[in-house]
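**Q** As given, the protein sequences belong to chains A and B, one line each in that order.
The number in this note's numbering is simply the position in the first sequence, starting from 1, with 2 added.
Mapping of the second sequence onto this note's numbering: position 289 corresponds to residue 283, and the numbering continues sequentially without gaps.
Misleading hints may appear alongside valid ones.
Unchecked claim - No farther apart than 25 Å at their CA atoms in a straight line, the calculated lysine-lysine pairs in the DSS-like style are these:
1. B:Lys150 to B:Lys28
2. B:Lys28 to A:Lys202
3. B:Lys336 to B:Lys417
4. B:Lys263 to A:Lys142
5. B:Lys263 to B:Lys422
6. B:Lys337 to A:Lys203
No wet-lab data here; the hints were simulated from the structure.
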Amino acid sequence: MRPIIAIASTTVGEAIRRKVLLIILLIGVLFIVVAPGLGILSARSETTVLKSFMLGVIQGVSAIIAVILTVYMIPNEIERRTIYTILSKPVQRWQFLVGKYLGAVLSLLLMMAMMSAVMALMFFLQQQSKNVGEVAELMKGPMMYFVQMCLLAAVAIFFSTFVAPLVNFFLTVGVFLVGVFFNPLFQSLQDNQNTGTLVKKAAWAINTFLPNFANYNVQNPLINQTQGIQNEGRYYLGITVYGIVYICILLILGILIFDRREV
Amino acid sequence: MKHRTSPVLLTFLALAFICQGLLQRLVIFDQWTKNYNPGKGKMLNTAMSPDQILAVLAGFREITAGILWVKADTFFDQGNYDAILPLIRLVTLLDPNEIDVYATGMWHIGYNFTDEEQRSDRRYLPSALALGKEGCRQNPDTYELFFEEGWLWYHKIDDEYPNAVKWFLQAAQRKDMLTARKNLLGMAYQRTGEIDRSVDTYYNLYADAQDRYLKENAFGNHQNRDTLESNLDNMLVRKIQRGFQAESENRPLNDYDVYPPFDVGFSVKATVVEPNVIRFEGTWNVLPVGTRIRVVLRDLNYPHAKPAEMDWDFSDDVNLDPPRDQTFMQEQLFVKNRRFNKKVDMSKDPTMYPFTTDNYVMEFYYNPRSAPPHIQDKFSWSGEGMTDKNFLKTDVRPGQRVIFASLPITRNMIKRYGEWADKTPVVKTPNYAESAPDAGRDDDAILKIPSLRSSGK
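Produce the complete structure using the sequences and hints provided.
**A** Right, here's the structure in full:
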């Protein structure tokens, strides 16, 4: 366990020092700070627009950070040959991969926590109330986004074990977009009686086997709090378990491939 | 070194893969569809730009709705009303909690689609009602859309008032219902003929208003209490004047204004003066101003048609595409000096009056429940004080005495085709009698206002 923790903590340190990530984070924070000014978009729904925009920024910025952080993680180590010094020590390849992944997850946690804290602050200031319950409710969004980003990071780590960073970038972004957009599309296809059986089956297969990122877009009921959700806890638990299971699958597959790779 | 993969690991991998699939299909997907689907599967058929679709698919539908609503506002300013309809639908699909969009959308659909003479296109009214019903379902905790739905029945449809009462009652049950708006429930009860309920409603509202005023001596509270007191006074006087008190005490109605019933002597003649232009002339033996007789000209087989109206409430689904190949014209004929005379020009709006089928019907309808109080003082709320030798009906609106007449007309007559090219089509009731050419013309300046009392005093 100790090698994993050591590699993870080193990875966090590297991530914090990467200027590109910090600039993206700064832009995200700036967007959240200016969000209260967007109330003009809806005369009596300022709060709706505010919540929607801030959650959108957190999700978008986190996704960019997750992809940029992870696609270069393994290839950089190989290119700079630092991996040799690590693997020459009593460190297994799987420990290296898991350590790197956990480091990326911790870095994401830090950055998302920072954006969420700014969001909570801006929400307090804009609402001029001390309604902690409402802010706590709103925080369910970033919490689920965090699981979503962990899954995205796992996808990127998996691809980084066998493809070049540029290809990995497009593959990861592609899988993310399909995962985010395919649920509504699948629902539409399923409801449309004119859709052919083959298309429906293909949609079913994609929806069942590819990582489903849309599950974590829980913002609409958080924004429109009049919408009553039954078994909300069960749903959150379900998608968290789903995320963990899928992350395990991707990491195991990554380990199997990385184990066979010449470095 | 040759790598061998552990069978246990592979088995675990396979099990994990099956497990995630089962989780997705059996546990997550149904609840996601019910609670988290960004467009409920409908927005893909609508006219959003690609970036808006992406934003919606990614789950950020509220902000897209806000942007679209700003766009709709510019269309309002330009008077481009047709362009607003799909945007209203889109915004309500994207963000079902946009109460303003539902309310504005209902008003827009119900009131803004008119012809050159500002006659409403009634074909849209079921859509306006359906949009309101959807808004109520999506926003059950606030009174606003329940009230708007009731108002559409009360003011725009101006008939079948039990529906207005139904929605006003639901609005009144919401905690945020504005005090002053509750008063309308009393008015709506009057128009359903439920007079005791109307009086009870006013008493209850007055008691609440009095409590509120005693707690806080604010101008609004004072004004509301006084308004309710005045409404209650009026209702009690009318209840006695219109014979309700006598009826409840089983006393004869002889001395009351509503008895014996007054013969309105309705007759009508419709002349197609030009293609798609019809002049309606007729008699109505009531001198005081304030009578509006409804005329409906519609396809004989107009879907969901009922006497002098349609089943406005026939659908819960919002369909912004009314039957464009069917015609449903509704107009009011104002009575002056016991006659009415109005030219209805349908020639400038072929989309609203397409006249595509062969047979049509003209329906004439008068219901005292929509009449002003000084007319109701004679006719009462349900037509107890009104009669007509030829056209009094009690089955057209159950529980009410209304005037109703129906005349057939054909497309060839309306369009002056065939034999009607050189001959003026005229359709009239058998009792219609020609009078002096000037009688009842729009330019009549002198109005006589006698009493409608049965004694003639």
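**Q** Now tell me, hint by hint, if it's right for this structure.
**A** Consistency of the hints with the structure:
At most 25 Å may separate the alpha-carbon atoms for a hinted pair to count; Lys150 (chain B) and Lys28 (chain B) exceed this at roughly 35 Å. For the hint linking Lys28 (chain B) to Lys202 (chain A), the alpha-carbon distance of about 20 Å falls within 25 Å, and the restraint holds. Distance restraint check for Lys336 (chain B) and Lys417 (chain B): the Cα-Cα separation of roughly 21 Å lies within the 25 Å cut-off, and the hinted pair is therefore satisfied. A threshold of 25 Å between alpha carbons decides the hint, and for Lys263 (chain B) with Lys142 (chain A) the separation of about 70 Å lies outside it, so the pair is violated.
Proposed proximity of Lys263 (chain B) and Lys422 (chain B) is supported: the alpha carbons are some 4 Å apart, at most 25 Å. A hinted pair counts as satisfied when its Cα atoms are at most 25 Å apart, and Lys337 (chain B) with Lys203 (chain A) does not qualify at roughly 62 Å.
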